[in-house]
Amino acid sequence: MDEQEKPLSLVLFSGTDDKLTAAAVLAVGAAAMGRTVNVFLQYYALDAFRAGRLCADHGLAPEATVEQASSIRGHAAQHWSDLLRQARDVGEVDIRACALSMDLLGIGKDDLDPLVDGVEGVAAFMAASSEGQVLFI
Amino acid sequence: MSTVQIDETIDARGMPCPGPLMNLIGAIRRSQVGQVFEVLSSDEGSKTDIPAWVAKAKHELVEVVPDDGFARFVVRKAR
Numbered sequence: 001m002d003e004q005e006k007p008l009s010l011v012l013f014s015g016t017d018d019k020l021t022a023a024a025v026l027a028v029g030a031a032a033m034g035r036t037v038n039v040f041l042q043y044y045a046l047d048a049f050r051a052g053r054l055c056a057d058h059g060l061a062p063e064a065t066v067e068q069a070s071s072i073r074g075h076a077a078q079h080w081s082d083l084l085r086q087a088r089d090v091g092e093v094d095i096r097a098c099a100l101s102m103d104l105l106g107i108g109k110d111d112l113d114p115l116v117d118g119v120e121g122v123a124a125f126m127a128a129s130s131e132g133q134v135l136f137i
Numbered sequence: 138m139s140t141v142q143i144d145e146t147i148d149a150r151g152m153p154c155p156g157p158l159m160n161l162i163g164a165i166r167r168s169q170v171g172q173v174f175e176v177l178s179s180d181e182g183s184k185t186d187i188p189a190w191v192a193k194a195k196h197e198l199v200e201v202v203p204d205d206g207f208a209r210f211v212v213r214k215a216r
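Top to bottom, those sequences are chains A and B.
Per this note's numbering, the first sequence starts with residue 1, numbered consecutively.
Per this note's numbering, the second sequence starts with residue 138, numbered consecutively.
Hints listed in this document are in silico derivations from the structure and should not be mistaken for laboratory results.
All of these numbers come straight from a predicted model, not from anything done at the bench.
It is possible that part of the hints are untrue.
[Unchecked claim] No farther apart than 30 Å at their CA atoms in a straight line, the calculated lysine-lysine pairs in the DSSO-like style are these:
hint	chain 1	residue 1	chain 2	residue 2
1	B	LYS214	A	LYS6
2	A	LYS19	A	LYS109
3	A	LYS19	A	LYS6
4	B	LYS195	B	LYS214
5	B	LYS184	B	LYS195
6	A	LYS19	B	LYS184
7	A	LYS6	B	LYS193
8	B	LYS193	B	LYS214
9	B	LYS195	A	LYS6
10	B	LYS214	B	LYS184
11	A	LYS19	B	LYS193
12	B	LYS184	A	LYS6
[To be verified] Partial pick of chain A residues on the chain B-facing surface, computed with a CB cut under 10 Å:
hint	residue
13	MET33
14	GLY34
15	ALA51
16	GLY52
17	ASP89
18	VAL90
[To be verified] Sample of chain B residues facing chain A (criterion: CB under 10 Å; computed from the structure):
hint	residue
19	ILE143
20	ILE147
21	GLY151
22	PRO155
23	LEU158
24	GLY163
25	ARG166
26	ASP186
27	ALA189
28	TRP190
29	LYS193
30	ALA194
31	VAL199
32	PRO203
33	PHE207
Cβ coordinates follow ideal geometry from the N, Cα and C atoms, glycine included.
Could you put the whole structure together from the sequences, leaning on the hints where they help?
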């Protein structure tokens, strides 16, 4: 990839598996197309990134009907954590935990999965994302 | 069938989006310039994603051949 693409910055708030998967698909697509991906983990999304809990059942968004939930759960889509690893494999992906959310949920650095690169404040995230779009999921 | 010599076939049939593209990217990354890959994919997303990525990454899309329930994408690593 020669020309510099603008980064894609994702603020992940929801911690359900469907929203995390949708976000991870965006991340892997952006990374494949040469865009740096910044991920900022807040609230329930941050909770899903606790060490050893990535592959737990995080449920689905409230709008999922029983039929949709069964179809989604029966599908062979890759897990969102694997998609994020693939994104990191093909491009530049920086995953940071929101410092405030860490405090709110009583999560320490050692409680986070190694997929998370570190803890960051909102200003640092905004500095990293200033050139491109920010999506709140 | 075309006359292009295929170096490696990636059979990604049945794999959902973006799996086939990611498999192609992985294969291209560990190969030599000039090598030719064919990706077999039944994923609808591949029809737009593989050409978009190949153009962006400046490789060569040799051909796209629709088949029975899947498509065959032939890609040459150009750089």
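Taking the hints in turn, this is what the structure says about them:
Proposed proximity of LYS214/B and LYS6/A is supported: the alpha carbons are some 25 Å apart, at most 30 Å. At most 30 Å may separate the alpha-carbon atoms for a hinted pair to count; LYS19/A and LYS109/A meet this at roughly 24 Å. The suggested pairing of LYS19/A with LYS6/A holds, with an alpha-carbon distance near 23 Å, which does not exceed 30 Å. The straight-line distance between the Cα atoms of LYS195/B and LYS214/B is roughly 8 Å, inside the 30 Å bound, and the hint therefore holds.
Annotation: proposed proximity of LYS184/B to LYS195/B holds, straight-line Cα distance about 17 Å (limit 30 Å). Pair hint LYS19/A plus LYS184/B holds up; C-alpha atoms about 24 Å apart against a cutoff of 30 Å. Proposed proximity of LYS6/A and LYS193/B is supported: the alpha carbons are some 14 Å apart, at most 30 Å. For the proposed pair LYS193/B and LYS214/B, the alpha carbon gap of about 12 Å is at most 30 Å, so the pair holds.
The suggested pairing of LYS195/B with LYS6/A holds, with an alpha-carbon distance near 18 Å, which does not exceed 30 Å. Taking the CA atoms of LYS214/B and LYS184/B, the gap is near 18 Å; set against the 30 Å cutoff, the hint holds. About 27 Å separates the Cα atoms of LYS19/A and LYS193/B, which keeps this hinted pair within 30 Å; it holds. In summary, the hint linking LYS184/B to LYS6/A is supported, as the alpha carbons are separated by about 25 Å, within the 30 Å threshold.
Proximity of MET33/A to chain B holds as hinted, the smallest CB-CB distance being about 5 Å (cut-off 10 Å). Hint status for GLY34/A: holds, given a least beta-carbon distance of 6 Å to chain B, under 10 Å. Taken as an interface hint, ALA51/A does not check out: its beta carbon lies about 25 Å from the nearest beta carbon of chain B, beyond 10 Å. About 25 Å separates the beta-carbon of GLY52/A from the nearest beta-carbon of chain B, more than 10 Å, and the hint is not met.
For ASP89/A, the interface hint holds, the least distance from its beta-carbon to any beta-carbon of chain B being 8 Å, beneath 10 Å. Taken as an interface hint, VAL90/A checks out: its beta carbon lies about 5 Å from the nearest beta carbon of chain B, inside 10 Å. For ILE143/B, the interface hint is violated, the least distance from its beta-carbon to any beta-carbon of chain A being 23 Å, above 10 Å. This hint is violated: ILE147/B has a C-beta 15 Å from the nearest C-beta of chain A, more than the 10 Å allowed.
Residue-level restraint check for GLY151/B holds (minimum Cβ-Cβ distance to chain A is 8 Å; threshold 10 Å). Hint status for PRO155/B: holds, given a least beta-carbon distance of 6 Å to chain A, under 10 Å. The restraint placing LEU158/B at the interface with chain A holds, with a minimum CB-CB distance near 7 Å, inside the 10 Å limit. A least Cβ separation of about 8 Å between GLY163/B and chain A falls short of the 10 Å threshold, and the interface hint therefore holds.
Because the beta carbon of ARG166/B sits about 8 Å from the nearest beta carbon in chain A, less than 10 Å, this interface hint is met. Annotation: ASP186/B was flagged as interfacial toward chain A, and the flag holds, the nearest CB pair being 8 Å apart, inside 10 Å. The closest approach between the C-beta of ALA189/B and any C-beta of chain A is roughly 7 Å, which is under the 10 Å cut-off, so the hint is satisfied. Interface restraint check: TRP190/B against chain A, minimum CB-CB distance 6 Å, threshold 10 Å, status holds.
Against a cut-off of 10 Å between C-beta atoms, the interface hint on LYS193/B holds, since the closest Cβ of chain A lies about 5 Å away. For ALA194/B, the interface hint holds, since its Cβ comes within 10 Å of a Cβ in chain A; the closest pair sits about 7 Å apart. Annotation: interface hint on VAL199/B violated; nearest CB of chain A at approximately 20 Å, more than 10 Å. Checking PRO203/B against chain A: minimum C-beta separation of about 23 Å lies over 10 Å; hint violated.
The closest approach between the C-beta of PHE207/B and any C-beta of chain A is roughly 16 Å, which is over the 10 Å cut-off, so the hint fails.
Violation of the numbered hints given earlier is confined to hints 15, 16, 19, 20, 31, 32, 33; the remaining hints are satisfied by the structure.
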